[in-house]
Amino acid sequence: MPKKNTFARRTPTDIALHVWGIIVFIYLFVPIAVIIAYSFNNGKVLANFRGFGLHAYISGINNDIIISSIVTSLQAAVGAAIVSTVFGTLGGVALARAPKGAWWALGLTAILGLTLVTPEIVDGISFLPWFVTVGVDWGITPLNNGLVRLIISHAMFSMAIVTFIVRARLAGIDTQLEDAAADLGATPWHRFRDITLPIAAPGILAGALMSFTVSLDNTILSSFVQQPGYTPWPVYIFSAVRVALRPEVAAMSTVMFFLTLAALGFVGFVLRKAGGNATEIIKTMAG
Amino acid sequence: MSTTAQPNRQQPSPTPPRPPAAPSPGRAERGISARFFGASAMSFPTWAYVLFFFVIPVALVVFYSFGYKPDEFTAIATDRLSFDRYPEAMTTSFVTTFFATLRISILGTILCLLIALPFAYWLAIKVSPARRSLALALVMVPFWTNFLVRTLGWQIMLSPDGFLSNWMQALGLLDGPLDILYTRSAVQIGVVYNYLPLMILPLFVAIDASGKKLREASYDLGAGKVKTFMRVTLPMAMPGVVSGCLLVFIPLNGDYVTATVLGGASGSMVGQLIANQFNTAQNWAVGAAMAMILIISTLVVVGVGFALLKLGQTITARLNSVPLMDGRA
Chain A
1 MPKKNTFARR TPTDIALHVW GIIVFIYLFV PIAVIIAYSF NNGKVLANFR
51 GFGLHAYISG INNDIIISSI VTSLQAAVGA AIVSTVFGTL GGVALARAPK
101 GAWWALGLTA ILGLTLVTPE IVDGISFLPW FVTVGVDWGI TPLNNGLVRL
151 IISHAMFSMA IVTFIVRARL AGIDTQLEDA AADLGATPWH RFRDITLPIA
201 APGILAGALM SFTVSLDNTI LSSFVQQPGY TPWPVYIFSA VRVALRPEVA
251 AMSTVMFFLT LAALGFVGFV LRKAGGNATE IIKTMAG
Chain B
1001 MSTTAQPNRQ QPSPTPPRPP AAPSPGRAER GISARFFGAS AMSFPTWAYV
1051 LFFFVIPVAL VVFYSFGYKP DEFTAIATDR LSFDRYPEAM TTSFVTTFFA
1101 TLRISILGTI LCLLIALPFA YWLAIKVSPA RRSLALALVM VPFWTNFLVR
1151 TLGWQIMLSP DGFLSNWMQA LGLLDGPLDI LYTRSAVQIG VVYNYLPLMI
1201 LPLFVAIDAS GKKLREASYD LGAGKVKTFM RVTLPMAMPG VVSGCLLVFI
1251 PLNGDYVTAT VLGGASGSMV GQLIANQFNT AQNWAVGAAM AMILIISTLV
1301 VVGVGFALLK LGQTITARLN SVPLMDGRA
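Protein sequences, first through last, are from chains A and B. If you're matching positions, the first sequence starts at 1 in our numbering and goes up one per residue. If you're matching positions, the second sequence starts at 1001 in our numbering and goes up one per residue.
One chain only, chain A, in its complex shape:
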C-alpha cells in the first residue's frame, strides 16, 4: 500500500530524474560490457569481432609477458598499499591527535594536500631524475630495483588519501578512551595497539583498498618510473594501444575485473560485519 502511494505521488520531474539515473548507469556500464563481450573475440584484432570463443583467455594465460606484467602490477599494488597504509596510518593518527595549530600538523596537511592537486605527470617527471640521483649517483642500490621504484612512487601517490581517511575516521572520536587507558596504566604502545588501531581500523582498511586500486590503475606515473622487466599491466596495455590491441588484453582485464569485484565484495562484507551500513562504507571509501 505505501509503495502505491509513492508511485501515485510521482511528478514528471521525478520520472525525468529516474530516466536520467538509468541513462547515466547505462553510460557508466556500456564500455565495461563491451570489453567483457569482446574478451570472447576469437579474432586477432580486439576491435574486429571474428567468432565467439575462449581463445583470448587461453593465449592470454600462456603469454609470459602479459602474465609477468599483471604479476608486477599486483606486487606493486600490494606493496604500495602496505607502505602507504603504514605511513598514512601514522600520519593520520598524528594529525587527528595533534594539538590545535601545531606547525607540523598544518605543514603536513598542506604538503599532503599539495600531492593531491599535483598532476600525475609532474610526479612522474620528478621521480625519474630523483631515482637516478639517489639510486645511481648516491649508491642507494635498492632504489634501482624496478619493483621498489613502483612501490615507492605509488605509495607516495596514495599517501594523502590514506592519511586523510584515517584522520577523518579518528576526528569524530573522543580521546577519552585513550586517556582512560593511560590512567589505567597502559603503555603508549598498548594504548595504540588496543585502543587507537581498532577504532581506526575501518578507515585503515578503506585507505589500504583505495591505495591498492589507485596503484593498479596508475599509468602515467608508472610509465616514468618503470624499468625493463618491471612493466606494470596498464603500461603494457598503453604501449599495446600504440601498436596493435589483441583480444588477450580484454580477456585478462575481464579476469582482473571480476577478481577486483570479489575482493571488494569481501572487504565490504568485513566492514559490514564490523558494523556500519553499506552507504557509510562507501562514503568512507570515497572519502
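Heads up, some of the hints might be wrong.
Residues from chain B that face chain A, not an exhaustive set, calculated with beta carbons under 10 Å [stated by the list, open to error]:
no., residue
1, M1140
2, R1150
3, V1302
Please keep in mind that the hints were generated in silico from the structure rather than gathered at the bench. Being a predicted model, the structure only gives us computed values, none of them experimental. Note that the Cβ used here is the ideal one computed from N, Cα and C, for glycine as well.
Dock chain B against chain A, hints included.
Chain B in isolation, oriented as in the chain A frame:
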C-alpha cells in the same frame, strides 16, 4: 581525496572535543600531545616520506626549469640559471595544444557537473534507502575498473567499423561509418566518462548530508519544489560541487592517456608534450618549464573558478533577499 570530498569534516579543529567537565585543561592538553608517544613524533615517518619522495623531487623539477640542455647527450645542466626555457617552451604547437587541453578540461568538468548533479540528487533523494546502497556500489564499480581498459571499451564502440557504427547505419541514423574516433569529440566523451564517478561521489555525499529535515522544513514554510532546491538543497550541495570540480579538473588537465587512446594524433594534450620532452627529446629543462606552466595555469583556472563562484553566490544572495522580504510582508 578525503579532504576535498568532505570539507565539512575538514573544518573542525584537529583536537577532538573534550568533555566540559575535564578535571584540569592543562592535564588534558598534555595528555593529548605527550601521552600519545607524542603525536608530533608519530608524524615523523610520514613527514620524512613526503619530504624525500615529494617535496625534494618536485623542488628539483622547479629548479631544472631554470637550467638548460648543454649538448645532445646530456639531459640537463644547471650551472647557468635563467628564465629562458619558459619562452622557449611556448612554441606555437605548445600554445595550441595548451589551449586545446584547457578547453577539453574545462568543458569536461562542466559536462561532468551537468550530468552528475541530477544523478546525485536522484541517488541521494529519490532512490529508496534500501536500494541506495546497491546503486552506490554500482556507481563505484567503473571507478574500480582500470580506466585505460574502460577507455578501450569506448575505442571499440566508437570505431568506424564497430558494432555501434553498424547498428546506427542499419537503423538509418547514419549515412556512412561513424566518424568520431580520433577526433576531439571522442576525447571529450572519453574524459567525461572517465572522470564522472569522481564528480558523482562528492556531490552525493554533500546532497545526502543536506538532510531530509531541512527540505521538509522548507516545504512546511511554504516554499515550492524549485525554491527548496535553489535555496536549500543547492547551497548545501555547494561543498560537493567545489570538491567534485577540483577532483575532476586537476587530474584531467594533466591526463594524456585518454586522449591518446581516443584522439590519436589529434588528441595531443599538454601532458603528452611534457612526457615527450623527458622521454624522447631528453630536454628536461624545457619539459620542466612546460610542467610549471601546466601547474600554474591549473591553479589560475581553479582560482578564477572560485572567484566566479563567490561572485555568483553574492549575486544570488542579493536576488534572493528581495522575494524573501515580499513573502514576509
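Here's how the hints hold up against the structure:
1. Annotation: M1140 of chain B was flagged as interfacial toward chain A, and the flag holds, the nearest CB pair being 6 Å apart, inside 10 Å.
2. A cut of 10 Å between beta carbons decides the hint on R1150 of chain B: the least distance to chain A is about 5 Å, and the hint holds.
3. Taken as an interface hint, V1302 of chain B checks out: its beta carbon lies about 8 Å from the nearest beta carbon of chain A, inside 10 Å.
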